[in-house]
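*Asks:* Chain by chain, the residues:
Protein chains: 2
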Amino acid sequence: MSNENIYNPHVSIDCVVFGFNGEKLKVLLIERTIKENNGLYNDKKLPGSIIFADEDLDTAASRVLNELTGLKNIYLSQFHSFGNPKRTENPRDILWLENTTQLKIGRIVTVGYVALIKIDRKIQFKNENTTANWFDLNEVLKMNLAFDHSEIIHKGLEYIRHNMDIEPHLLFELLPRKFTISQLRILYDTVHQSRSDVRNFQKKVAQWPYVVPLDEMETGVSHRAARLYKYRKTK
Amino acid sequence: MSNENIYNPHVSIDCVVFGFNGEKLKVLLIERTIKENNGLYNDKKLPGSIIFADEDLDTAASRVLNELTGLKNIYLSQFHSFGNPKRTENPRDILWLENTTQLKIGRIVTVGYVALIKIDRKIQFKNENTTANWFDLNEVLKMNLAFDHSEIIHKGLEYIRHNMDIEPHLLFELLPRKFTISQLRILYDTVHQSRSDVRNFQKKVAQWPYVVPLDEMETGVSHRAARLYKYRKTK
Numbered sequence: 280m281s282n283e284n285i286y287n288p289h290v291s292i293d294c295v296v297f298g299f300n301g302e303k304l305k306v307l308l309i310e311r312t313i314k315e316n317n318g319l320y321n322d323k324k325l326p327g328s329i330i331f332a333d334e335d336l337d338t339a340a341s342r343v344l345n346e347l348t349g350l351k352n353i354y355l356s357q358f359h360s361f362g363n364p365k366r367t368e369n370p371r372d373i374l375w376l377e378n379t380t381q382l383k384i385g386r387i388v389t390v391g392y393v394a395l396i397k398i399d400r401k402i403q404f405k406n407e408n409t410t411a412n413w414f415d416l417n418e419v420l421k422m423n424l425a426f427d428h429s430e431i432i433h434k435g436l437e438y439i440r441h442n443m444d445i446e447p448h449l450l451f452e453l454l455p456r457k458f459t460i461s462q463l464r465i466l467y468d469t470v471h472q473s474r475s476d477v478r479n480f481q482k483k484v485a486q487w488p489y490v491v492p493l494d495e496m497e498t499g500v501s502h503r504a505a506r507l508y509k510y511r512k513t514k
Numbered sequence: 280m281s282n283e284n285i286y287n288p289h290v291s292i293d294c295v296v297f298g299f300n301g302e303k304l305k306v307l308l309i310e311r312t313i314k315e316n317n318g319l320y321n322d323k324k325l326p327g328s329i330i331f332a333d334e335d336l337d338t339a340a341s342r343v344l345n346e347l348t349g350l351k352n353i354y355l356s357q358f359h360s361f362g363n364p365k366r367t368e369n370p371r372d373i374l375w376l377e378n379t380t381q382l383k384i385g386r387i388v389t390v391g392y393v394a395l396i397k398i399d400r401k402i403q404f405k406n407e408n409t410t411a412n413w414f415d416l417n418e419v420l421k422m423n424l425a426f427d428h429s430e431i432i433h434k435g436l437e438y439i440r441h442n443m444d445i446e447p448h449l450l451f452e453l454l455p456r457k458f459t460i461s462q463l464r465i466l467y468d469t470v471h472q473s474r475s476d477v478r479n480f481q482k483k484v485a486q487w488p489y490v491v492p493l494d495e496m497e498t499g500v501s502h503r504a505a506r507l508y509k510y511r512k513t514k
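Just so you know, the protein sequences line up as chains C and B, in that order.
Residues in the first sequence are numbered consecutively from 280, following my numbering.
Residues in the second sequence are numbered consecutively from 280, following my numbering.
Hint data in this document are derived by calculation from the structure and do not stem from the laboratory.
Bear in mind the structure is a predicted one, so any value in this text is a computation, not a measurement.
There may be inaccurate statements among the hints.
Just the calculated beta-carbon pair ranges, DEER-fashion [unchecked claim]:
#1 PHE404/B - GLU407/C: 56 to 66 Å
#2 HIS471/B - ALA505/C: 39 to 49 Å
#3 PRO447/C - ARG440/B: 46 to 56 Å
#4 GLY385/B - ASN316/C: 45 to 55 Å
#5 HIS471/C - TYR489/B: 20 to 30 Å
#6 LYS509/C - ARG371/B: 34 to 44 Å
Only part of the chain B face toward chain C is listed, based on derived beta-carbon distances under 10 Å [what the hints assert, rightly or not]:
#7 GLU310
#8 ILE313
#9 LYS314
#10 ASP333
#11 ALA339
#12 LEU355
#13 HIS359
#14 THR367
#15 GLN403
#16 PHE404
#17 PRO447
#18 HIS448
#19 GLU452
Every residue gets a Cβ at the ideal spot worked out from N, C-alpha and C, and that includes glycine.
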């Protein structure tokens, strides 16, 4: 192995946190401000950070999410690592990194984690240096995010789509404990980027043993109240 | 971010290459010899290497596999990254790394790739410094491999098991172009660590539109010749 080819990159973690407000799929992003020669520049990035020397990747992911949002005990799944040497090529990203880490940064390989959380979970949106916020996924996909974070979000979405077919419980992590079939359909369609027919979807759900109708209806809605359902774990 | 916590690990690639000889699932391993004070020590490891400064992860995975086995144009899927700080703690592994790379090695985060290949593909088993070989998966799982390579193989196996249910074509990468139902069943059971009933399995396969019976039978077998099948890509 020729030695001069070898180079130590930094390794970081980036978390794609999805939430669902009953209508839209949301992504949790951190807003950052960069002081440039000609003023301040604002954009958004995923919650992420370089790993510490003695940290396992999973531990680093939990720490990062906790530091930036206050969230604890979140189930984070590692889904893909991103190591294109060009992912840290934007001078704005390098400037920001060097300001925030006080390190000379070259290449960074980042390990992507995904989490699905109920959107009403208490989040500490503001802390000393950063502000976190929920953004509509559809809007986010049009934004110019920091680094390759758009690609990471795309890949994270692909991962949950892929895995929901094998592990349908993932879908219910995003819904309130009691939900309507309409909420379930909207979420399903958002994740699958599909548009289900209302009746066909109802037939499909009737075959899911883990979706159980309750003796309860929605309250406080202006339209005709719909039946509520809950998710029941099956082996 | 406190600077003294930050440390640049090396990033490497490890490839879990599965093959199937019609009876058993095999894994491609590299044999290594370590000169220790009290003589030579032999063990086995996955084909792997530290990434180069200008290499994307996918590129590094293809290069590594090519360098160690001569294999080209192999479809490699990234499945998981391993970053436990303790994974490079064994003095034997450190000694070997420092001898082969001429680098001072601390921590290494490795990105795991999996490939499924036909076992009769031409492999350059021997090259200047290394010897590659196929080993029975069941035997490999009992071996004491280098680093955390046993864990990486376990996780790679889990990945193909998980993905074969969604992408059944993966299974057929491992079979000869024309195969018997018995070969398919043995492979299926090996991957799923199950033991299918012969009749039930035949019923199951009859429902797979992508398994097509041929007007051909096995030849050169001592038992009653079985019908041959082929895999046909569907949408």
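*Asks:* Look at each hint and say if it fits the structure.
*Replies:* Right, here's what the structure says about each hint:
1. PHE404/B - GLU407/C: 56 to 66 Å: 57 Å, holds
2. HIS471/B - ALA505/C: 39 to 49 Å: At roughly 40 Å between Cβ atoms, ALA505/C and HIS471/B fall inside 39 to 49 Å, so the hint holds.
3. PRO447/C - ARG440/B: 46 to 56 Å: Distance hint for PRO447/C, ARG440/B is violated at roughly 18 Å.
4. GLY385/B - ASN316/C: 45 to 55 Å: 38 Å, violated
5. HIS471/C - TYR489/B: 20 to 30 Å: Taking Cβ atoms as reference, HIS471/C and TYR489/B lie about 22 Å apart, which means the hint holds.
6. LYS509/C - ARG371/B: 34 to 44 Å: 54 Å, violated
7. GLU310: With a closest approach of 18 Å, the GLU310/B hint is violated.
8. ILE313: Cβ of ILE313/B sits 16 Å from chain C, so the hint is violated.
9. LYS314: 18 Å, violated
10. ASP333: 5 Å, holds
11. ALA339: 8 Å, holds
12. LEU355: Hint on LEU355/B: violated, closest Cβ of chain C at ~13 Å, above 10 Å.
13. HIS359: With a closest approach of 6 Å, the HIS359/B hint holds.
14. THR367: 13 Å, violated
15. GLN403: At 18 Å from the nearest chain C Cβ, GLN403/B fails the 10 Å test, so the hint is violated.
16. PHE404: Because about 20 Å separates PHE404/B from the closest Cβ in chain C, which is outside the 10 Å limit, the hint is violated.
17. PRO447: Interface hint status for PRO447/B: violated (13 Å vs cutoff 10 Å).
18. HIS448: Violated - the Cβ of HIS448/B stays beyond 10 Å from chain C, reaching only about 15 Å at its closest.
19. GLU452: 19 Å, violated
Consistency note: the structure conflicts with the earlier hints numbered 3, 4, 6, 7, 8, 9, 12, 14, 15, 16, 17, 18, 19.
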